[in-house]
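Engineer: So in the working numbering, spot 180 of the sequence shown is number 585, and the numbers just go up one at a time.
Quick caveat, the hints were computed from the structure, so don't treat them as lab data. Take the hints with a grain of salt, since some may be wrong.
Unchecked claim - Simulated crosslink set (SDA-like; lysine to any residue; CA at most 25 Å straight-line):
1. K445 - F669
2. K453 - M439
3. K418 - K674
4. K418 - H428
5. K424 - M439
6. K674 - D743
7. K424 - I631
Unchecked claim - Each pair of labels, with its calculated beta carbon distance range:
8. K418 - K742: 43 to 51 Å
9. I666 - I438: 24 to 32 Å
10. N420 - L450: 44 to 52 Å
11. P472 - H634: 32 to 40 Å
12. L573 - F669: 35 to 43 Å
13. K674 - N598: 39 to 47 Å
From the three backbone atoms N, C-alpha and C, an ideal C-beta is built for every residue, glycine too.
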Amino acid sequence: MIYSSSYVWAEYKFNNPYKFAMHQSIFGLVGFIMMIIISKIDYRLYYKHANLILLISGILLILVLIPGIGVIRNGSRSWFGIGSFGIQPSEIAKLSLIIFVSKYLANNDRNMADIVHYSFPILGIVFLFFFLILLEPDFGSGAIIVLSLIVLIFTSNIKLSFFIKLGLLGILGIVGLIIAAPYRMARILAYLNPWSDPLGSGFQIIQSLYAIGPGGLFGLGLGNSIQKHFYLPEPQTDFIFAIISEELGFIGIIILATCYIVLFYNIIKISLATPNLFGKYLSLGIILEFILQTLLNLLVVVGLIPVTGVTLPFLSYGGSSLLICLAGMGIVLNISKDS
406 MIYSSSYVWA EYKFNNPYKF AMHQSIFGLV GFIMMIIISK IDYRLYYKHA NLILLISGIL
466 LILVLIPGIG VIRNGSRSWF GIGSFGIQPS EIAKLSLIIF VSKYLANNDR NMADIVHYSF
526 PILGIVFLFF FLILLEPDFG SGAIIVLSLI VLIFTSNIKL SFFIKLGLLG ILGIVGLIIA
586 APYRMARILA YLNPWSDPLG SGFQIIQSLY AIGPGGLFGL GLGNSIQKHF YLPEPQTDFI
646 FAIISEELGF IGIIILATCY IVLFYNIIKI SLATPNLFGK YLSLGIILEF ILQTLLNLLV
706 VVGLIPVTGV TLPFLSYGGS SLLICLAGMG IVLNISKDS
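Work the whole structure out from these sequences, hints included.
Structural biologist: Okay, here's the thing in structure tokens:
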């Protein structure tokens, strides 16, 4: 699907229709080997080194903000450039934060009802990383991290009333972030009525809907998308689902949704069956991140929420995203040996 959605743009920009497919294949091969290796590593090792992993992740998030070290792509200084490849430290931060929060919850599960001494410190660390990612700016990745970790913390022994207050505070915070950045307000307006600015802020979502609409039951056929011909910008990334819908139709969507549901269901089963509390939180955190990222991406593509710049796990073009997804799967595979 990455080749099918990208070859028109890749040939125009790089004179090589296989450019994106080749890059993703390399990351996929490396990621698969990495997944196998990680699946052999005892997950309890991450418990011992959770603090160091988080520290390294935080340093990378700071370094990427420094001009000359971090590379600007698509308006965000969120990459380390290695030739034509790029690595996003925000993707590494997702996994490192899940590991650290899982350790914290495993150690303090019975104490989380004490808001001041136990809940606030871990939330403070989560929002510190969110702030660093927001400076890039990468609101989509930051939102995924915060949402998945807050839901993970919610599964611990914490008071429901605290989450209600936190939710209200979060709404105020989101409103403040929208007001502070004009491009976010433009995305909100585009979401409410994309046809009010069809050649500007509403262009991407309109072209996405034009891709999804004609797909019908069986689609236009693999490789036959119209929207990838310079209508939908860089369709191999966040909006690859629109091309899948256009080329493979409703049947393709059902097959894809079934694959995701089977994957999510099995990881949740592993989490529930794991006797080790750290392993339980760790596998649950990984699957929560997958589920929320998938849902947010699909909701954006079909126009139900504003554009957030979130990739579709395992499918969108993006080496960092694919590597971290496969690394997470490697950890889950190792945890499954205990279940």
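Engineer: Return the numbers of the hints above that this structure violates; sort them in rising order.
Structural biologist: Hint check: 3 and 12 fail, others pass.
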